[in-house]
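**Q** Letter by letter, the chains look like this.
Number of protein chains: 4
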Amino acid sequence: MTICGTDLHILKGDVPEVTDGRVLGHEAVGTVEEVGAGVKNVKVGDRVLVSCITSCGSCRFCREGHYGLCVGGGGWILGHLIDGTQAEYVRVPFADTSTYPVPVGVSDEETLMVADILPTGYEVGVLNGRVTPGDVVAVVGAGPIGLSAITGARLYSPSHIVAIDLAASRLEAAKQFGADVIVNPANEKPLEVVQSLTGGLGADVAIEAVGTPAAFELTVSLARPGGHIANIGVHGEPATLHLEELWIKDVTITTGLVDTSSTPTFLKLLAGHQLDAGRFVTHRFPLDDFEQAYDVFARAGETSALKVVLQRA
Amino acid sequence: MTICGTDLHILKGDVPEVTDGRVLGHEAVGTVEEVGAGVKNVKVGDRVLVSCITSCGSCRFCREGHYGLCVGGGGWILGHLIDGTQAEYVRVPFADTSTYPVPVGVSDEETLMVADILPTGYEVGVLNGRVTPGDVVAVVGAGPIGLSAITGARLYSPSHIVAIDLAASRLEAAKQFGADVIVNPANEKPLEVVQSLTGGLGADVAIEAVGTPAAFELTVSLARPGGHIANIGVHGEPATLHLEELWIKDVTITTGLVDTSSTPTFLKLLAGHQLDAGRFVTHRFPLDDFEQAYDVFARAGETSALKVVLQRA
Amino acid sequence: MTICGTDLHILKGDVPEVTDGRVLGHEAVGTVEEVGAGVKNVKVGDRVLVSCITSCGSCRFCREGHYGLCVGGGGWILGHLIDGTQAEYVRVPFADTSTYPVPVGVSDEETLMVADILPTGYEVGVLNGRVTPGDVVAVVGAGPIGLSAITGARLYSPSHIVAIDLAASRLEAAKQFGADVIVNPANEKPLEVVQSLTGGLGADVAIEAVGTPAAFELTVSLARPGGHIANIGVHGEPATLHLEELWIKDVTITTGLVDTSSTPTFLKLLAGHQLDAGRFVTHRFPLDDFEQAYDVFARAGETSALKVVLQRA
Amino acid sequence: MTICGTDLHILKGDVPEVTDGRVLGHEAVGTVEEVGAGVKNVKVGDRVLVSCITSCGSCRFCREGHYGLCVGGGGWILGHLIDGTQAEYVRVPFADTSTYPVPVGVSDEETLMVADILPTGYEVGVLNGRVTPGDVVAVVGAGPIGLSAITGARLYSPSHIVAIDLAASRLEAAKQFGADVIVNPANEKPLEVVQSLTGGLGADVAIEAVGTPAAFELTVSLARPGGHIANIGVHGEPATLHLEELWIKDVTITTGLVDTSSTPTFLKLLAGHQLDAGRFVTHRFPLDDFEQAYDVFARAGETSALKVVLQRA
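Protein chains in written order, with this note's numbering: chain A, 1 to 313; chain B, 1 to 313; chain C, 1 to 313; chain D, 1 to 313.
Excised from the complex, chain A in its bound form:
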């Protein structure tokens, strides 16, 4: 299993619906020990991915593939409304539609990256932003989610991916994950860089992967007329939307929680060896050392941690 930036938000108290004593964690790969009476396809002994999103499979949103909006008892519930995956055992409701077999020939660690981070960058950033071949894509924020968006954008062969971040180490990671151009706003104006690549027009797709009003407003400013702005960041306060400029500019702004509807896509890409998901994992700890794991992950600026994996003995 692994730790998500959201877990840190919970510990700070930003997610008040999480009650005291709740077991956190919404990403795991494990072995099925027991199944409930209504489960048809998952069997004891199966090696499965536990997705961050639980899907009831029968509500209108689940039937449309919008599992993140599930109104039948699913959605993001693990490590949030019910006990999560940072434990020896976890109960996963609606197992038939909320777990996936680990593909033959794919490691647990690679599969684990499909529990949340890869689908989030891809669905909420790349698919919502409708990246197409030849596009110039700007990604604001190069933490794990921004790097997932870069990874996902690569699948659609843009002409240039521009990564923007204030931390040199994150920009370096962005390069390794496939960014063609990196920009530190402390040194260069992101808009000027993007304009220089696009004949002055702006990015075809601009992706927000930070979660602050300033980052959102920067992202909006980078999109060209007719462009797409995809918000992935988790926001705690409103932003200003400059409609006096945007009304005539034909932009599309999207928001969203991941649905994990792209899970089968990623499992097929991993099984076909078309994607290197393992490079997200920078640190590994036994489950018993999870306080240390949280500490390393919380100090990502110093430790350069991307994903920290906790392994059961």
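There could be a bad hint or two in this list.
[Said to hold, decoys possible] Listed below are several chain C residues computed to face chain A (Cβ distance under 10 Å; list not exhaustive):
| no. | residue |
| --- | --- |
| 1 | Gly-38 |
| 2 | Asn-41 |
| 3 | Gly-45 |
| 4 | Arg-47 |
| 5 | Cys-56 |
| 6 | Ser-58 |
| 7 | Arg-60 |
| 8 | Cys-62 |
| 9 | Glu-64 |
| 10 | Gly-65 |
| 11 | Gly-73 |
| 12 | Thr-97 |
| 13 | Pro-185 |
| 14 | Pro-286 |
These are calculated hints, taken from the structure and not from any lab test. Note that the coordinates shown come from a computational prediction; the quantities given were computed from them, not determined experimentally. Using N, Cα and C, we set each Cβ at its ideal position, and we do this for glycine too.
The hints should help you fit chains B, C and D onto chain A, whose structure is shown.
**A** For chains B, C and D alone, kept in the frame of chain A given last:
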């Protein structure tokens, strides 16, 4: 030819790039008196619709059907950057790609409604909002543009169109144009009405046809999780975007100027007698009385004017 | 419940996987008498629509909305691989994802038309054919499925629907269901009629609702360059595809069994009183008279039967 | 400039509308020597790509991006209805919408591959076939067009591309261009290979790049239920369409001539160094030796020629 709400904005000084002495007007039907050397398909004597958007036909945006974003000398230029249609004669640049033959069996007045108003409601409201059969569609503002959005939404067979306006006369017009439910926010809460029709979820598509921060924020609040918010209104100031609620709600917000790429669609619908465009026309004046025409149009609240047609003698 | 043309095919022996003694029928509205242990959302006493397609809800096709392709034990099984609905009681597997509540204020008979016929014409004809506003749509065959395709096409506001059939009574029905033009190939050439409406180009969308090579080849010939050809008919033999003409013509040909993924759309349209589904029902019999009912339905040419409803006492 | 397989068909007499004495060739990169009065954007001295498709820019098809269907005097006319590019000078009608500037930093040879071959494989094979990440894509025929389809499919990150051809040298080329699996039907059954990769279902997308009934029928048989079949091959005779199997299988079959609407996409990818187009060029000759060039190209089986470039002195 006819008068647009935008012309009133220009007279108030809201569109500073319009210089003194400029002939206004960007909607007309007329007869071709002369053609330039580069014109291939339009001939002297043709009866044509002059679209509010001029298209160069060869820039990247025109080739993608985004004529409103034309960077080759077109876009919205008539009655804005060059002299417009409220005159006896008007020069229309790029005539091959900026005028359309009046269909056989269709009146000039009906065709005139395709110059701006019908494509605007349809493209910027209905197509951007992706209305599909069975949807609940909320339209905020029931002036000419809101009524065009209602007319356009009807083409996709929603289950309910909810029109929201403060003026009783506009709500009455909305009913006649096809709204199933009308709401005056002075008497009822729009969100409650929309929720009562949607099992508490909100509108599938919410369309802004006013152009104020308050109307935009109301429109955003009406959309369901996974819903679409389409802004048509012309805005002069920023709005607040409640990202702290929206980030998890999977909404899509669009803005845009009309492209008039749907002009052929409307001309086919009119030729097939599938649409009653004539009902937009509430007043008619000879061209010589155009001061009176502007006065009636400017006092739409009292005169119930929707579109005011100016006719050459 | 009702009888489908497919039931007649079964009786003739055209569907060999149906074994002797099988109860036929795959369309019904009824009251839930008992539910299995795994059922979560359907309760005893609920009034529900039983869809012709059973969906397991968890296989890859069901999760993509392609219930007709279900590989988890569903698909078209009722009255085919297991006992069907032409009985006092029927067991419906996967009830949570294969039945739908009858909407408040909608009659059983109207709802019954959503079990098969309306979604089939709409999904396999109209959505696969991508009908859009202003299109000219040709429908070859004006039996119940052709009329469903006409009904579905109307939801997207084409400029003209052209219905083609050899039976005058069916053409008359087509007019009442919304065809703008009717053509009897015994008297007129369908291609010439379609060309006269389209400046010589051909139909934007051509829909096959018969199920013979001749009808398919006629349908293909009616589509314009860039047009869509949607096959709904059940075919028993191959057709000739004139690739020597089609390779350069940019056509799209689709086939398919219904998924009934549009069931919620139709239930919303019926609840909003936007659709008259009742007019499909031409005859009603008590369940005890079902031999007579089959006889009337089988002799549709004489009896003008569209849908024949069987009612439990 | 270069030679296309179509030129060989013309020489054999397969394209009867080409009259005696016609200069062949529909692919070129060159310098503008003179421009007509109606040309606005192309200037003497510009280095431009001459596309195989000429676009009038104002007919309905050109305005929809379907330049290949142009009814305003364009379409495929160069080296077909008017003199073509295998000459020292060529007149290109509608230059503003039929030529493209060679991007800075991109070689003439790479740009030349965008005149026909790359857009053809991409638009008619990959976009029509709607390849998406994770797909299994089968390509029947590994000549220059099949290799273009493989190149284009790579842009959408399939999990596996399966190339099928009878010539070992072409299968070897397919590997180098990005096929993951190669199949020679003389040794293995293509359907079995495809099924082994897809849990028995078949390919998500099957692309025909040969132009014979047998190849088309093989391609159709490889697609899974719900899959897409994209025909690129030029056909001279009809094929058999097994509707008795396909009617229930939810397949989509597309045909088409290239539009070259993807030309800007390819020029952006080349400018961003995201694509190696140069590897298509296997032979180069001075223009004076063009008989020898034709000979090498016509004997591609022996010479392993893919694209043969003719250079002006």
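**Q** State for each hint whether it applies.
**A** These are the hints, each one checked on the structure:
1. Given hint, Gly-38(C) at the interface with chain A, holds; its Cβ is 4 Å from that chain's nearest Cβ, closer than 10 Å.
2. The restraint placing Asn-41(C) at the interface with chain A holds, with a minimum CB-CB distance near 6 Å, inside the 10 Å limit.
3. The interface hint given for Gly-45(C) is broken, as the beta carbon of that residue sits about 19 Å from the closest beta carbon of chain A, more than 10 Å.
4. The beta carbon of Arg-47(C) is not positioned within 10 Å of any beta carbon in chain A (closest approach about 18 Å), and the interface hint is therefore violated.
5. The beta carbon of Cys-56(C) is positioned within 10 Å of a beta carbon in chain A (closest approach about 8 Å), and the interface hint is therefore held.
6. Given the 10 Å rule on beta carbons, the hint for Ser-58(C) holds: about 4 Å separates it from the nearest Cβ of chain A.
7. Nearest Cβ of chain A to the Cβ of Arg-60(C): about 6 Å, under the 10 Å cut. The hint holds.
8. A hinted interface residue such as Cys-62(C) counts as satisfied when its beta carbon comes closer than 10 Å to some beta carbon of chain A; here the least separation is about 8 Å, so the hint holds.
9. Hint status for Glu-64(C) relative to chain A: holds, with the closest Cβ pair at about 7 Å, below 10 Å.
10. Taking 10 Å as the C-beta contact cut-off toward chain A, the hint placing Gly-65(C) at the interface holds, the least distance being around 7 Å.
11. With 10 Å as the threshold, the beta carbon of Gly-73(C) comes within range of chain A, its nearest partner Cβ sitting at about 9 Å, so the hint holds.
12. Restraint check, Thr-97(C) versus chain A: the minimum CB separation of about 5 Å is within 10 Å; hint holds.
13. Given the 10 Å rule on beta carbons, the hint for Pro-185(C) is violated: about 41 Å separates it from the nearest Cβ of chain A.
14. At a threshold of 10 Å, the smallest CB-CB gap from Pro-286(C) to chain A is about 34 Å, leaving the interface hint violated.
The structure fails to meet hints 3, 4, 13, 14 from the earlier list, while all remaining hints are met.
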